[in-house]
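> Residue numbers (our numbering), protein chains in the order written: chain A, 55 to 516; chain B, -13 to 46.
No lab work stands behind these hints: they were computed from the structure. Some hints could be false.
Claimed, not checked - Quick partial rundown of chain A residues pointing at chain B, CB under 7 Å, derived from the structure:
| hint | residue |
| --- | --- |
| 1 | Thr352 |
| 2 | Ala362 |
| 3 | Ala398 |
| 4 | Arg401 |
| 5 | Arg407 |
Backbone N, C-alpha and C fix where the C-beta goes; we use that ideal spot for every residue, glycine too.
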Amino acid sequence: MSAPAFRSASGIADGRLRATDVLEATLSRIDRLNPRLNAFTTVTADRARAQAAAIDAAVTAGRPVGPLAGVPFAVKNLIDIAGLPTLAGSKINRGHPPATADATLVTRLEDAGAILVGALNMGEYAYDFTGENAHDGPSRNPHDLSRMSGGSSGGSGSAVGGGLVPLALGSDTNGSIRVPSSFCGLFGLKPTYGRLSRAGSFPFVSSLDHLGPFARSAEDLALAYDAMQGHDPLDPVCVPRAPDLVTEALHGGIGGLRIAVASGYFRAGASPEALAAVDAVAAGLGVTRSIEIPEAATARAAAYVITATEGAALHLDRLRTRPGDFDPDVRDRLIAGALVPAVAVTRAQKFRRWYRAAVLRLFQDVDAILAPATPSVAPLIGQKTFVLNGVEVPLRPNIGIYTQPVSFIGLPVVAVPVPTSAGLPIGVQIIAAPWREDVALRIAYALEASGVAVAPVPALEG
Amino acid sequence: MTDDQLDAFILAGTALLELPIPPEWRPAIRSHLSVTLSHARTVMAFPLPDDSDPAPVFSA
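This is chain A alone, in the form it adopts within the complex (with noise of 0.2 Å):
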């Protein structure tokens, strides 16, 4: 189950494998382990089963299957699964119809040949980073099981680092793909800002949600980008745009390439083990530059009051009829942002326009900037405060402190896991220009070949 899946989906095209043995191999390495990393709220083993033997019927035809074939992927249960409620961490959402329809990344993976095996536990709604749920429990940590996975996007953390599947989807509004990449020692995909449909998947912040794909090697996360790319009118933020395919791109190297080591305000409150595996990417792609984003704790406190708000705005029915089905971690910063005035709200969207003219300035001169993914490595779940910049803090909120500067304006970063000392991953975000994910995932793919980069599945089995 370590194997990358664009290995086995090799195997399976060519016939080495079958499908339905990698399937079964997965469904029980699932029942064996989710009870004790609880990534999964729902599995779709028919569903899979029945994908599994038209992928091998069709290799045994000779018809030609997809890059993906027989891979086993799940997704974040805020994303539609067809006869499944859409959850999105929920009690409240348990009483919605079912889906009528997969999401679109969802057919666009399995017409890659990839195989949906389920619905992943998140944070409630989405407005989380630590991965725990009032009421489905915390997805864990694989490395340390007393650990936080990381949210929002928790269950695909724990899930593709426990080796149940190679590949999951997530969504990322503020960090919740590269938080749990970087607790859970993951590659995790944000694309640019409107280059992936949302279509399908329950929204949290409709002006900084995204999609994206955790994987376990930079080659797995470019193969899943390249099958969802492309123009989706469901969604009306995705761009009308001609995929950027980057697979093949990975393979060309990394001369060239300008790099930057983010200063200030993304070195100020990072952890040693942060700071050290910022140091030891920079040492492996030899850069000794350094950059300072400016006004990015501006930026911060920006996406932070948009989130807020926006967030407050769409439940507010939610919040004046069915409060106490909230987990109250979630429902008290909703009521919260409802009571923000409405002109910081309209600031920070004009200062999200004069801060992205600042940043694409600094692209001018870099081709890609490395940060902290989060300021720590994982915390012990349950665990409420923190300590940044040498005071304890409230923990939930601030986990996101370096991926919120960076997502509030859309720019595509890859988090790439490294080894720290303490014995437990810690991420760093590779950030590119827009449009420009194949500088971040060559990047990538260059630390995991020289091997600064590495998603060991842990022993979790005696």
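Fit chain B to the given chain A structure using the hints.
For chain B alone, kept in the frame of chain A given last:
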């Protein structure tokens, strides 16, 4: 703002929005509101020209 001022704001605002808030929820809401408003102050303190456009642009 003091805690009393924030509580008064919470009471008035939640009444306006018809949000039922038992008293025991108020400390957590106050804490979250205080943090969010401090971020709002950071944003509003940033000088922007009058002709700056917000990021979202509607297209018909």
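> Hints first: check each against the structure and report whether it holds.
Verification of the supplied hints:
1. Thr352: Result: holds, 5 Å to nearest chain B Cβ.
2. Ala362: 5 Å, holds
3. Ala398: Result: holds, 4 Å to nearest chain B Cβ.
4. Arg401: Where the cut-off is 7 Å and the nearest Cβ of chain B is about 5 Å from Arg401(A), the hint holds.
5. Arg407: Hint holds; Arg407(A) Cβ to chain B Cβ min 5 Å, cut 7 Å.
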